[in-house]
Structures are given as C-alpha cells and as structure tokens.
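As given, the protein sequences belong to chains A and B, one line each in that order. Everything in the first sequence is counted per my numbering, starting at 1 for the first residue and increasing by one. Everything in the second sequence is counted per my numbering, starting at 1001 for the first residue and increasing by one.
Honestly, the hints are just simulated from the structure, not real lab data. Just so you know, not all the hints are guaranteed correct.
To be verified - For lysine-lysine, the following BS3-like pairs were computed, each having C-alpha atoms within a straight-line distance of at most 27 Å:
id, chain 1, residue 1, chain 2, residue 2
1, B, 1195, A, 105
2, A, 58, B, 1199
3, A, 13, B, 1071
None of these values were measured; they are calculated from a predicted model.
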Amino acid sequence: MDIKISGLTHRYKAGTPFERLALHDVSLSIPSGTFLAVIGHTGSGKSTLIQHLNGLLKPSEGTIKVGDLTIAAGGKKKQLKALRKRVGIVFQYPEHQLFDETVEKDVMFGPMNFGQSEEAARAAAHEMIKLVGLPVEVLQKSPFDLSGGQMRRVAIAGVLAMEPDVLILDEPTAGLDPRGRKEIMDLFRTLHDQRNMTTILVTHSMEDAAYYADRILVMEKGSTYLEGTPAEIFAKREELQAVGLDVPETVQFLLRWQGKTGKPAEMSSFTIEDTAKAISADFGKGGSTC
Amino acid sequence: MLDNVIIGQYIPGTSVLHKMDPRAKLLGIFVFIFVVFLANNWLTYGILGVFAVAAILLSQVSLRYMYKGLKPIFFIVIFTFVLHILMTKQGEVVYDLGWLKIYNGGVKQGVFISLRLVYLVLVTSLLTLTTTPIDITDGLEYLLAPFKKIKLPVHEFALMMSISLRFIPTLLQETEKIMKAQMARGAEFTAGPIKERVKAFVPLLVPLFISSFKRAEDLALAMEARGYRGGEGRTRLRVLHWRFRDTGALLLLVILAAVLVVLRTHG
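For reference, chain A alone in the conformation it holds in the complex (with noise of 0.2 Å):
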C-alpha cells in the first residue's frame, strides 16, 4: 500500500506553556512493499511521525495518504478505524498492552474489534502465535504468567492478527537478547516478504537498520535529513556522525581495515559474513583464506 506524505507538520500541546514542533514539515513518499527503516536521534520525531500514519495523531498542517485514505489537518473522524485496519502498529514494549485473561482473547481483541467474526478471530490467534513462534499451549494460559520475552512475542503476535497491510515496529527488540533480537528481526522480515506487506521500522541499531531495511529514513529535529538505500545511507558517515548517528560496525570494521592497508573496499557489506568475505577478496589476491 503507498504511503505518500506531503508537508506534514505536528505541533504538540499547542496553545499551551509547553508548545513544541515535534515535526516540521516532512514530505515522503513510501511505495508499497518498501522496507523502510527510520532512523534518528532521539527526540528526532521519529515515534511522532508514524503515529501520524494510523491516525493517532492527527497533521497540524500537511497530509498523509495511505492507499486511497487521505488524513488532513482537521479531517473526519470515520476513516481512522479503516486507517487503523490497514496500519498495525508494534509499539515499544508492546507486552505493556497485554490485558486480557488469556493469550488467546488477547490476541483475538484486535481482530474482533475490526468486526472479524469469533471463529476468523481464534484462527488467527492459533495461526498468529505459531508464526511468532510459540508453542499453541500458551494460547490458554494468562499472559501475565508468561516471560518477557513471550509476553513482547503475544502482543507482537496481537497486532499480526490484524492483518494489516501496513507495519510498523517502533524498535521492536528493545530490551530483548541478541537471539532474540535476531528472531523477531527475521520474523519481520520474512513476513514483509511473504505477505507482500510494507513495513516501516524505527530503531537505534544502524545495524539492524543496514540489514533488514531497503531503504532508510534519517530524521533530525522534527524533519527529513537523509534518505536512501543502506549502502547510500552509510556512505555518508560524516553527515550521520554530525547528528549523533554512526555507520553500522561492519562498516566501521571496514573502514578501518582500508585505512591500515590503503586498498578501497566495498562499503555496502552489512553482514559478518559479507564483511569477512569482502576482506579475504584482499587476502585472495594472495591466496590465502581466513
């Protein structure tokens, strides 16, 4: 689904002692099935700007169009919930919406509020946590009873059963460990791929950002800064490092191994593997393999 914003700008608490431009006019254009990661420091506007695309936040001026919905400053009320059906939206620490007496009527809560009927609803939950990648028995246990780490996999799984067309992750992984960073990581991305969806990411890890996104968003004070592929992003370090970003450490490694041996390298490797495969090129020259 195409995702087109034009001079959006978002004042908050405005009229009041506490007024603050959170975002200053910020234009995008997202084609369907981009995986676009949005990276910033904080306070960048980064969080105001994608509640701005499922209507919790309403544009002081500009417009969003998702699909064929337009929200505008001072728009109708009545399209937020089709909004809300297309964009489902992964907050940070989601488990902190988790509510209800077992995972599965947990699960079930977004889907039914979108008129999905009990029965579509259960399937969901049942085919939703599966894929998040816990065994079908939680489904009847209380989420309160479950481990960090589920508990962010049900309410992940929570806003899966929307179906939306649309997802978007405000850093998804914060406070989980490096495997399971990883498995949610490759869980959203192995979903984008398979449902055709788009998916929009906000983090703090360049790496991740390098890795799972085609194209990357960079926000400085409330407006657009950079905008790119990983490997156009990144190969700007000092217009990242001027805002308090950096290139990911794969690149960094490299960047430093062409400084001790004076020979360029590609800098669009943002794997381990491809990081080690691009310096034993160097070495291969020799012959020799790491």
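Mind docking chain B on chain A? Use the hints.
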C-alpha cells in the same frame, strides 16, 4: 484529550509566586479556602475575582492556559448552577414556564456558588503550577511537624504525597501510551453506547494497574538500595527560606478577609 488536565502540572518560572516560600503558599491557600466562604454579595465576589485574577497575573501563567485547565470542571460548575436555579425559591420570579419558575434568588445563588468553585480551583491550581512537588511536600512536612508529637507519621505522609504528585504526569503519559496502543488495535474509547464504553476501559485499566504495581515495587527497591530508612534524623539538601514577601502575602490575605467581613451582607 489528556492534555487539558493541569492539576499537578508545574510550569517553571521566576515570578513572585514561584519564588514564594511553599509554606506561605500552603498557608495562603488554606486561609483563602475559608475567605472564599465569606463572600456573599456581588461586591465581595467581585473583590475575590479581582484578587484571583491578580494572583494569576502575578504567576505569569497565561490566562489561556488557566482557562484550558478549567474546562474539565465546567461540567460540575454548570451542574451546580442549574441545580441552584431549579432548587432555590427566593426573591422575585424572573422567568415563568408554568411548571417551572425561576427566581432571581436562584440565579444569584447559582452564580455565586459557581464563582466560588471557579475561584477555588483557580487559586489551588496556581499552587501546583508555581510550586514543584518537592517544595509542596517539604512545606507540608514543616507545617505538619507539630503533629509528630502525637505520633502522626508526618514524614511518611509527606513522602506519600510527593510520590503521588510526582507520578501524576507519569501515569497520564502511561495512560496515553496504552490508550494509543489499544486504539491501534481498534479499541474505541470515545464512541458507542455507555455500556460498551465502560467495557472499553478494561483494556486500559488492567495494564495501568499492572504497571503501577510494578513501578511501586521498583521504586521501593531503588529507595532501599540507596539506604532510605524513614525521616528520623534525615537532613535536607534544600532548606526553605521565609522572607518578608511571604509575611506580606499572608498579611494581604488577612486584610482581604477583613475587608470581606466588613463588606459582606449581614443578617
């Protein structure tokens, strides 16, 4: 929608009211609550109004912001007003609907009581708007210190208060966050029949309760980790200073009270 709640908010500033000793402000509010009940005619209510507006101007909090903060209590004000109009049967009939007679005594009473409410809310919210929660509790602890003699847990009470005040904004933020998360899952809090709406609050209240308990536990642990052991022998980082202007402000209130006593309708 929660942006309108200003009770418990603190707005940093450097006005006279900000600089006043919290003890003076607390005593002042306490006196003012009684003074408000002295007014009983147009003149005295007018004087109180001038006083309240002057206090707001002194605080340098914008009038528009104060007005926004009053919005949530408008319902109560209107309710009281209507109640008084319907129930008070004094004076002349100013409007006659046949089954319903409105007396000018009722209108007058309604206006007075509504004004009383508005004044009270305005002046008391000025306290929290110009005083940090820490100052308020420090002040309270000082003022209540005499009650320690009769074994009242004053320090614990003050601590409890400062913790609750401190967590009002946090709780509001948390509420908003969970509301948003549930709205993103299709929940509706503002539409539909009343029965549905009450039910809609379950997905909001359960997570709120859970996180509040969790937070309380964390806080207790953090306090213990830093060796907190109650108020016994505890010294203060910041000491309160009573200045001339604090005495002056209280004197002003006493004068206001005296003026109202003279000008109010007797008999």
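What are the numbers of the hints the structure violates, in ascending order? Structure breaks no hint.
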